[in-house]
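Enquirer: Protein sequences, first through last, are from chains X and L. According to our numbering, the first sequence holds residues 4 to 476 in order. According to our numbering, the second sequence holds residues 4 to 476 in order.
Hints in this document: simulated from the structure, not taken from any laboratory. None of these values were measured; they are calculated from a predicted model. Accuracy of the hints is not assured; some may be wrong.
Since the list can't tell identical chains apart, any single copy or any two copies may satisfy a pair.
[Unchecked claim] Cross-link-like lysine-lysine pairs, in silico, BS3-like; alpha carbons within 27 Å at most:
1. Lys368 with Lys26
2. Lys23 with Lys275
3. Lys14 with Lys149
4. Lys14 with Lys124
5. Lys14 with Lys275
6. Lys134 with Lys149
7. Lys149 with Lys75
8. Lys212 with Lys368
9. Lys368 with Lys149
10. Lys134 with Lys124
11. Lys415 with Lys149
12. Lys134 with Lys76
13. Lys368 with Lys43
14. Lys76 with Lys43
15. Lys76 with Lys33
16. Lys26 with Lys124
17. Lys149 with Lys380
18. Lys415 with Lys124
19. Lys368 with Lys75
There are 2 protein chains.
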Amino acid sequence: MLTYSFENRGKEALYTWLYKCMKDDILSGKLKSGEQLPSKRSFARQLGVSTLTVENAYALLQTEGYVSSLPKKGYYVADIQPAFHRLQTGEVSSPASAVLIREQPEERQYFADFSSNQTRKENFPFSVWTKLIRRVMAEQGDHLLKNPPGGGILPLREAIAGQLREFRDMQVSPEQIIVGAGTEYLYGLLIQLLGFDSVYAVENPGYQKIWKIYQAYGVTCRYIDLDHSGMRPELLENSDANVIHISPSHHFPTGITMPVSRRHELLGWAAKAEERYIIEDDYDSEFRLSGKPIPTLQSIDRDGRVIYVNTFTKSLASTIRISYMVLPVPLLERYREQLGFYSCTVSNFEQYTLAAFIRDGHYEKHINRMRNSFRRKRNLLLDAIRESPLASLVTISEEDAGLHFLMHVSTKLSDEEITERAAENGIRLTGLSRYFHGGEEQTRSAHTFVINYSNIEESRIEEAVERLYQACR
Amino acid sequence: MLTYSFENRGKEALYTWLYKCMKDDILSGKLKSGEQLPSKRSFARQLGVSTLTVENAYALLQTEGYVSSLPKKGYYVADIQPAFHRLQTGEVSSPASAVLIREQPEERQYFADFSSNQTRKENFPFSVWTKLIRRVMAEQGDHLLKNPPGGGILPLREAIAGQLREFRDMQVSPEQIIVGAGTEYLYGLLIQLLGFDSVYAVENPGYQKIWKIYQAYGVTCRYIDLDHSGMRPELLENSDANVIHISPSHHFPTGITMPVSRRHELLGWAAKAEERYIIEDDYDSEFRLSGKPIPTLQSIDRDGRVIYVNTFTKSLASTIRISYMVLPVPLLERYREQLGFYSCTVSNFEQYTLAAFIRDGHYEKHINRMRNSFRRKRNLLLDAIRESPLASLVTISEEDAGLHFLMHVSTKLSDEEITERAAENGIRLTGLSRYFHGGEEQTRSAHTFVINYSNIEESRIEEAVERLYQACR
Chain X
4 MLTYSFENRG KEALYTWLYK CMKDDILSGK LKSGEQLPSK RSFARQLGVS
54 TLTVENAYAL LQTEGYVSSL PKKGYYVADI QPAFHRLQTG EVSSPASAVL
104 IREQPEERQY FADFSSNQTR KENFPFSVWT KLIRRVMAEQ GDHLLKNPPG
154 GGILPLREAI AGQLREFRDM QVSPEQIIVG AGTEYLYGLL IQLLGFDSVY
204 AVENPGYQKI WKIYQAYGVT CRYIDLDHSG MRPELLENSD ANVIHISPSH
254 HFPTGITMPV SRRHELLGWA AKAEERYIIE DDYDSEFRLS GKPIPTLQSI
304 DRDGRVIYVN TFTKSLASTI RISYMVLPVP LLERYREQLG FYSCTVSNFE
354 QYTLAAFIRD GHYEKHINRM RNSFRRKRNL LLDAIRESPL ASLVTISEED
404 AGLHFLMHVS TKLSDEEITE RAAENGIRLT GLSRYFHGGE EQTRSAHTFV
454 INYSNIEESR IEEAVERLYQ ACR
Chain L
4 MLTYSFENRG KEALYTWLYK CMKDDILSGK LKSGEQLPSK RSFARQLGVS
54 TLTVENAYAL LQTEGYVSSL PKKGYYVADI QPAFHRLQTG EVSSPASAVL
104 IREQPEERQY FADFSSNQTR KENFPFSVWT KLIRRVMAEQ GDHLLKNPPG
154 GGILPLREAI AGQLREFRDM QVSPEQIIVG AGTEYLYGLL IQLLGFDSVY
204 AVENPGYQKI WKIYQAYGVT CRYIDLDHSG MRPELLENSD ANVIHISPSH
254 HFPTGITMPV SRRHELLGWA AKAEERYIIE DDYDSEFRLS GKPIPTLQSI
304 DRDGRVIYVN TFTKSLASTI RISYMVLPVP LLERYREQLG FYSCTVSNFE
354 QYTLAAFIRD GHYEKHINRM RNSFRRKRNL LLDAIRESPL ASLVTISEED
404 AGLHFLMHVS TKLSDEEITE RAAENGIRLT GLSRYFHGGE EQTRSAHTFV
454 INYSNIEESR IEEAVERLYQ ACR
C-alpha cells in the first residue's frame, strides 16, 4: 500500500511535500508508469491528511506531466520520459502555473448564525451612499486624484474629529487622526510605531485576531486574565508588558464594560514608566443600548499614553474598509518621522463619500436607526428566550453594550456537544471557551456561549430559540 | 537669552522636549509669570529647529495653561497658580487634546513637475468608472456586504488572472492572487510571510520607499549595486540575502530593463538554496512604449520562488488603492496558515467595480489610450529638447520603458545647484543621486536627472524645456 511519512517535511506545506515524495518515486521508478494511484479520498484518509492536500498534490503532479487522469477512472502514473524531457528543455509550464488550488470549502449554511457580525443588506444605507458617491464622482475634481496625506484626506479627519467631540466628548485635532484600511492594518502600523521590542499585553479571553496579528509580526504577547472590571492590574504590573491592548467600552467576547476606577488604574500604570502605551479599541461603542456611556480612556488621559482606535466596519459595513486611530500628540511626530512615508490605504473616492456621509448628518441618523434595530432585535430575542422552556436552562449577562451578549447554560453536556447539536439544528454557536488562550482555561468558562444577534433575521428569532432549546435540553 | 539644548532628548520629539523644558522652567519659576516669550520664528532660528516645532510646543503649553497669547503681541508666561490647580483637580483638558498640530506646510507650486507621477484628471476614465460603480451599487446584492476571502473577491482575481494570461503570458490560478490596498501594504504582508529573520536584497539605486518599509519592519536590508543589466549576481552571492526585491521590467529610477540572461541567473541563485525568493515588482510594465516585452521572471520560474507584484495605482489612479501579488504555489499554503486570517484591505464596492472594468474590456482600452498619450508626451518632450539649445548639454537614456527617462547634463554645476536653479524657474527635478543608498555613491551618478513626464501638461512642454535650459546652462 502506497504511503508516505510527513515527519521530515520541515516548513514544507503538506501537499508540496506529498507532491515531492511522489515525484521522487516516479522518477526513481518505484512508482511505475501506468500504475493506478489511490483515490484522493481514500489516500487522504490513509495518510491522515485532508482530501484537499491530496487533490493539490495530484494537481501539481498532473500539471508537470508525472500523472495523468482518466475521467471516472482515476489517476495513473504517466510515461515520464516525455514529461522529463519537457522539463529539461523548458517546454513545460512551471510547477507554479495553471494549478487549481482550492480555497476553503464552501461555508455551511445555517438557519441562524449567532457568530456572524456581517452587515445585513437592509442595514446598509444603499440609496444615500450611492447618491453621495455619484455626487463625489460628478465633481471629477483634481482633489480626487491628488495623493492625500498618509493619515487620509483632511475633510474626513475633520468629520471624524467632529463626531468624537460630539458623541464621545473627545477633543482631538484632525491631524491626530490616521485613517486606514481596517483596524487590522492599523494594528500593524502601531507595532511598527511602538516597536518590535515592545511587549504587548492582550485580554484573555479576547478577540483572537488581535493575537494572530501580534504573532504574525513576531512580537511578544502576554495574555492577561480579566476580572469583572477588565484586565487585572496586578497581573499587568507583574508582567513585562509596556503596551496594553484593550476594549474597555465593550469587551469582546465577555461584554464587560470597564468601570472608571479601573480605567484610572490602567492610566496610572501607563504613566509610571516611559514608553508605556494603551491601545483603546472602541470598536462598537456606537451601539451601547442602555445606560450612560463611560468616558473613553483617551478623554481622561493626561499623559498622552492612549491610542484610540475605532472603525466604520462595524457601524457601516464590514466590506467597506475604513478605520482610524487617534495618536496622542507625543507619538505624532514619531509617527511622521518613521511612518509618514506610507500612502493612505483607503481610496480617495470612498474617503470623500464617507466624509460627506458624516458631514451631512447621515451617519448619525444611520447609527440611531441601527441602534434601534439592534435594540429591538435584542429585546425580541430576550423575550423569545424568556417565553421558551430554554429560559429555565440559561442565564443571560452583559446584554447592554451592543451586538452580543453571553448565555450561560446549565447542562451536563460539553460545549462541543452543544455546539454540534446546535449545528445539526441549523444554529451556529460559539463557546466562550474558544476565546481563551491555552486549553487549561476552558473549564473556567464552560457552558457559556457568545450570542451575536446583529446578523439574525427577526422573523427567524422564535424558531431559532426553539432550535437552541432542542440543542441545550 | 532663553535657550535650550536638545542633546539629551533621547527618543522624545523635538517639540515635546521643548514643551517639557519650558514647562519645567515655568513651574520652577525660572520663567516668570508675565514674562514675554520670544517670537516663534526667532526662537526657532536661535534653537536651530523649525518654526513648526516651536509653534507646536507653544500650542501645548497654551492648552495646558502655562502660556497665554495676546493677539499681535505674542506669548506670555501665564500665572501658573490656577493652571496648576486645574491640573491637580483634573479640570484641565488633557495635553493631547485640542492642540493644533500642523501637517507639512503647503507644497510649493511648480510650472512643471518632473518628479510627480500623480494621475492627471484627463487620464482617469471618470465616466466609465462612475457608470460601473452605479451598476455595482444598483444591484444592492448580498455579495457586496459578504466578507470576501482574504485574497479578495474571486471575480476580480479571475479578471486579473485573465489579464496576466493575455498580456504577460503568465499562467496563474486566481487563488494565487492576493489583492491588497497598495503595494506598500503587500510588501508588509510579504515580510510577515517570508519572516523577520530573512535578509532582503534591494536595488541600489532604487525606490526609497521600499527601503523605508523594510526599515519600518526592522528587517535587515542589503543594498546591492546594479550594472547595466540590473542587480549584480556576484554581489548577491557574496551577501547573506535570501530574498531579493527587484523591478526587472523597468527599474526605477535608472529605467534598466533586465535582459533574459540576467533573469535566469537570478532564478538560478534562488534555486540554489531553500527559502530563497524573488519579489518581482512589475509596477509599470503596462506602459512599455516600444520594443518587445520581456517575459516576467514569474513566467519562467520553475521552482516556485518568484512572487509577482503589480498595481493599479499607476495604471488607473494613485488614489484608488488596489494592488495585487501572485504567490507561488509552495508559499500559498504557508500564507493561508499564517496570514489567512487577515481581512482583505480593499472595499468590496471598488473590487467589484474594477472587476467589471477589466472584464468589460475598459481596462485594456484605457491602457492603450494612456500608452498612446504617454508616448506622444514623451515624443513631444524629446523633440522639444532636440530643438532647444538644451540638446547640446544633455544626453537622454532609457526612454523606451514607460513614464520616465534619464537626462545626463554636461555641466560644472552641482546637482543641488541645478535642482535649485530649476526650482527657481518653476521646474521640479530630482537627481539620480537621490536614489542611492549612502552618500559616497553620489559622485557616481552626478549630473543625471530622473525625468518623469507622465504628469506634465502637453501645452507646457516647450516652455518647460526652455526653463530647463536656463537652469542647466
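Enquirer: State for each hint whether it applies.
Expert: Now the hints, each set against the structure:
In the homo-oligomer, the alpha carbons of Lys368 and Lys26 never lie at most 27 Å apart, since the shortest distance is 62 Å inside one protomer and 44 Å across protomers. For the identical chains of this complex, Lys23 and Lys275 are inter-copy neighbours only, at 17 Å across copies versus 56 Å inside a copy, given an alpha-carbon limit of 27 Å. Taking the shortest alpha-carbon separations for Lys14 and Lys149, neither the intra-copy value of 44 Å nor the inter-copy value of 33 Å comes in at or below 27 Å. In this homomeric assembly, Lys14 and Lys124 never come within 27 Å of each other (Cα to Cα): the closest approach is 42 Å inside a single copy and 48 Å across copies.
Taking the shortest Cα distances, Lys14 and Lys275 sit within 27 Å of each other only across copies (17 Å), while inside one copy they are farther apart (43 Å). In the homo-oligomer, the alpha carbons of Lys134 and Lys149 lie at most 27 Å apart both inside one protomer (22 Å) and across protomers (22 Å), since each shortest distance falls under that limit. Within a single copy, Lys149 and Lys75 get their C-alpha atoms no closer than 57 Å, and across copies no closer than 36 Å, so neither meets the 27 Å cut-off. Taking the closest pair of Cα atoms, Lys212 and Lys368 never come within 27 Å of each other, the shortest separation being 30 Å inside a single copy and 41 Å across copies.
Only between protomers do Lys368 and Lys149 lie at most 27 Å apart by alpha-carbon distance; the minimum there is 23 Å, versus 31 Å within a single protomer. Within a single copy, Lys134 and Lys124 get their C-alpha atoms as close as 17 Å, and across copies as close as 22 Å, so both meet the 27 Å cut-off. With identical chains, the CA atoms of Lys415 and Lys149 are never at most 27 Å apart, being 62 Å at best within one copy and 36 Å at best between copies. For a Cα distance limit of 27 Å, the shortest separation of Lys134 from Lys76 qualifies neither inside one copy, at 56 Å, nor across copies, at 49 Å.
Taking the shortest alpha-carbon separations for Lys368 and Lys43, neither the intra-copy value of 54 Å nor the inter-copy value of 44 Å comes in at or below 27 Å. Only within a single protomer do Lys76 and Lys43 lie at most 27 Å apart by alpha-carbon distance; the minimum there is 12 Å, versus 84 Å between protomers. For a Cα distance limit of 27 Å, the shortest separation of Lys76 from Lys33 inside one copy, 22 Å, qualifies, whereas the shortest one across copies, 93 Å, does not. Taking the shortest alpha-carbon separations for Lys26 and Lys124, neither the intra-copy value of 49 Å nor the inter-copy value of 54 Å comes in at or below 27 Å.
With identical chains, the CA atoms of Lys149 and Lys380 are at most 27 Å apart between copies only, with a shortest distance of 21 Å across copies and 43 Å within one. Neither within a single protomer nor between protomers do Lys415 and Lys124 lie at most 27 Å apart by alpha-carbon distance, with minima of 38 Å and 67 Å respectively. In this assembly of identical chains, Lys368 and Lys75 lie within 27 Å of each other by CA distance neither inside one copy nor across copies; the values are 59 Å within and 43 Å between.
Violated hints, listed in ascending order, are 1, 3, 4, 7, 8, 11, 12, 13, 16, 18, 19; each of the other numbered hints is respected by the structure.
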